[in-house]
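Line by line, the protein sequences give chains A and B. According to this note's numbering, the stretch in the first sequence is residues -3 to 108, in order. According to this note's numbering, the stretch in the second sequence is residues -16 to 98, in order.
Don't read these hints as lab results, they were simulated from the structure. Glycine is no exception: its CB is placed at the ideal position from the N, C-alpha and C atoms. Heads up, some of the hints might be wrong.
Restricting the straight-line Cα-Cα distance to at most 27 Å, the calculated cross-link-like pairs of lysine-lysine (BS3-like) are [claimed, not checked]:
| # | chain 1 | residue 1 | chain 2 | residue 2 |
| --- | --- | --- | --- | --- |
| 1 | A | K51 | B | K(-14) |
| 2 | A | K14 | A | K53 |
| 3 | A | K9 | A | K53 |
| 4 | A | K53 | B | K(-14) |
From the derived model, a few chain B residues whose C-beta atoms are all more than 12 Å from chain A [claimed, not checked]:
| # | residue |
| --- | --- |
| 5 | V2 |
| 6 | D5 |
| 7 | F51 |
| 8 | K56 |
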Amino acid sequence: DVKVTQSSRYLVKRTGEKVFLECVQDMDHENMFWYRQDPGLGLRLIYFSYDVKMKEKGDIPEGYSVSREKKERFSLILESASTNQTSMYLCASSIDGITEAFFGQGTRLTVV
Amino acid sequence: AQKITQTQPGMFVQEKEAVTLDCTYDTSDPSYGLFWYKQPSSGEMIFLIYQGSYDQQNATEGRYSLNFQKARKSANLVISASQLGDSAMYFCAMSSTSGTYKYIFGTGTRLKVLA
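Just chain A, with the same shape it has in the complex (with noise of 0.2 Å):
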């Protein structure tokens, strides 16, 4: 059975902490996506990667940056953390990126 799993369901983190969000998935694949979702705005492409050590901007890449280091983990990483990026973060990964991508639970990140 496919897996992709978050290291956290619930997250409360201080304003200007830096953030781990570790996402691991056991299915071999090489695309890993990050994306937030807020309610009204749907989800919204945070960064993906295509390769180990491989990287891209989605579409809302300010304050965030990642890390693929092997390929079954892809971790975002909030460099100091804002009331703003309070939201809930969903990490996918794929075969192709053309086909079904696969979700891990979700990481429920509150700043305060």
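For this one, chain A is given, so just place chain B on it according to the hints.
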């Protein structure tokens, strides 16, 4: 630029009735994929159905069917015989086979099934 539009923020349907969730898309790519995902209140994204742009027939998966009208650039989801468990947020999405591969999502439609 690629775009997915879902114009129905919320929908109600009576249990056992059919419901159509609208999705239109915009792309200049010749080859693309269209998807529908379901997100229950628990938050996970559940893949429902996929339609390739060159597929001649509309995709079906159990009670879900995708009404694909290429000329109109629409990819509506039809749920037949609605169940209470169908109450959720539904997202339409698109992938592209040209350039870098990524998925674009719509803003979603919240469906409530009434008993």
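Status of the hints after comparison with the structure:
For the proposed pair K51 (chain A) and K(-14) (chain B), the alpha carbon gap of about 22 Å is at most 27 Å, so the pair holds. In summary, the hint linking K14 (chain A) to K53 (chain A) is supported, as the alpha carbons are separated by about 19 Å, within the 27 Å threshold. Proposed proximity of K9 (chain A) and K53 (chain A) is supported: the alpha carbons are some 24 Å apart, at most 27 Å. The suggested pairing of K53 (chain A) with K(-14) (chain B) holds, with an alpha-carbon distance near 17 Å, which does not exceed 27 Å.
Against chain A, the non-interface label of V2 (chain B) holds: every CB pair exceeds 12 Å, the least being about 20 Å. Listed as a non-interface residue, D5 (chain B) keeps its Cβ farther than 12 Å from every Cβ of chain A; the least gap is roughly 14 Å. Taking the minimum C-beta to C-beta distance to chain A, about 16 Å, the non-interface status of F51 (chain B) holds against the 12 Å cut. The claim that K56 (chain B) lies off the interface holds: its Cβ sits roughly 18 Å from the closest Cβ of chain A, which is beyond the 12 Å cut-off.
In the structure shown, no violation is registered for any of the earlier numbered hints.
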